[in-house]
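Trainee: Take a look at the letters that make up each chain.
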Amino acid sequence: KNEVEQSPQNLTAQEGEFITINCSYSVGISALHWLQQHPGGGIVSLFMLSSGKKKHGRLIATINIQEKHSSLHITASHPRDSAVYICAVGGNQFYFGTGTSLTVIP
Amino acid sequence: GAGVSQSPRYKVAKRGQDVALRCDPISGHVSLFWYQQALGQGPEFLTYFQNEAQLDKSGLPSDRFFAERPEGSVSTLKIQRTQQEDSAVYLCASSLRTGSNSPLHFGNGTRLTVT
Numbered sequence: 007k008n009e010v011e012q013s014p015q016n017l018t019a020q021e022g023e024f025i026t027i028n029c030s031y032s033v034g035i036s037a038l039h040w041l042q043q044h045p046g047g048g049i050v051s052l053f054m055l056s057s058g059k060k061k062h063g064r065l066i067a068t069i070n071i072q073e074k075h076s077s078l079h080i081t082a083s084h085p086r087d088s089a090v091y092i093c094a095v096g097g098n099q100f101y102f103g104t105g106t107s108l109t110v111i112p
Numbered sequence: 009g010a011g012v013s014q015s016p017r018y019k020v021a022k023r024g025q026d027v028a029l030r031c032d033p034i035s036g037h038v039s040l041f042w043y044q045q046a047l048g049q050g051p052e053f054l055t056y057f058q059n060e061a062q063l064d065k066s067g068l069p070s071d072r073f074f075a076e077r078p079e080g081s082v083s084t085l086k087i088q089r090t091q092q093e094d095s096a097v098y099l100c101a102s103s104l105r106t107g108s109n110s111p112l113h114f115g116n117g118t119r120l121t122v123t
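Chains A and B supply the protein sequences, listed in that same order.
To convert a position in the first sequence, counted from 1, into my numbering, add 6.
To convert a position in the second sequence, counted from 1, into my numbering, add 8.
Just chain A, with the same shape it has in the complex (with noise of 0.2 Å):
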């Protein structure tokens, strides 16, 4: 089952970088979390939207409601962000992306 689609599934990028993951899905919702979650750690939220767009300090998250699209994006990446993004949508069941894995290097 595919609801969920997360692109890039694995990203490696230079300290500094600007970074993308997107996500699209095919489910009507209420809402579209973005979620980090670090090795063998717990799952932190990051956003909740369902319009526009959202900023947190280096993170932006936006989301496209017509065609079902969002991505986040981290602006001047920093080796802490390395972690697995995960994109997650619905009602009261939530369907989850496979995640992006990313690393920053120094």
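Selected chain A positions facing chain B (in silico; Cβ < 10 Å):
| id | residue |
| --- | --- |
| 1 | 10 |
| 2 | 39 |
| 3 | 93 |
| 4 | 96 |
| 5 | 99 |
| 6 | 101 |
Covered stretches of chain A (in silico footprint by chain B; criterion: 3 or more residues with CB under 8 Å from a CB of chain B, positions within the stretch not fixed):
| id | stretch |
| --- | --- |
| 7 | 49–62 |
| 8 | 102–111 |
These are calculated hints, taken from the structure and not from any lab test.
Think of the CB as a built atom: it goes at the ideal place given N, C-alpha and C, for glycine as much as any other residue.
Keeping the supplied structure of chain A fixed, place chain B upon it in accordance with the hints.
Mentor: Positioned in the frame of chain A, the structure of chain B alone reads:
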């Protein structure tokens, strides 16, 4: 502790054993979700509670899986007669309100290994 707490953190079970995984959500959170995450995959929905009511259990992979939240707070996910394919991280998440318009708070998960 203000976050979602799961126990045990790690569980090793022999094939055929029963296991019980516990989730303590954030106090007052109405919604509680259980997810199964295989290595290298995103979380897969198992079941959803609104207070004590189990509103959706469509993701439970077999009748060996059972979840309850009898008083609308702590939840237990029970797996009977464990199989090797049950090995995964089991994640619990809670949110203050119903629906997806409420931030999700995740526990650190229980890593189950069935040998």
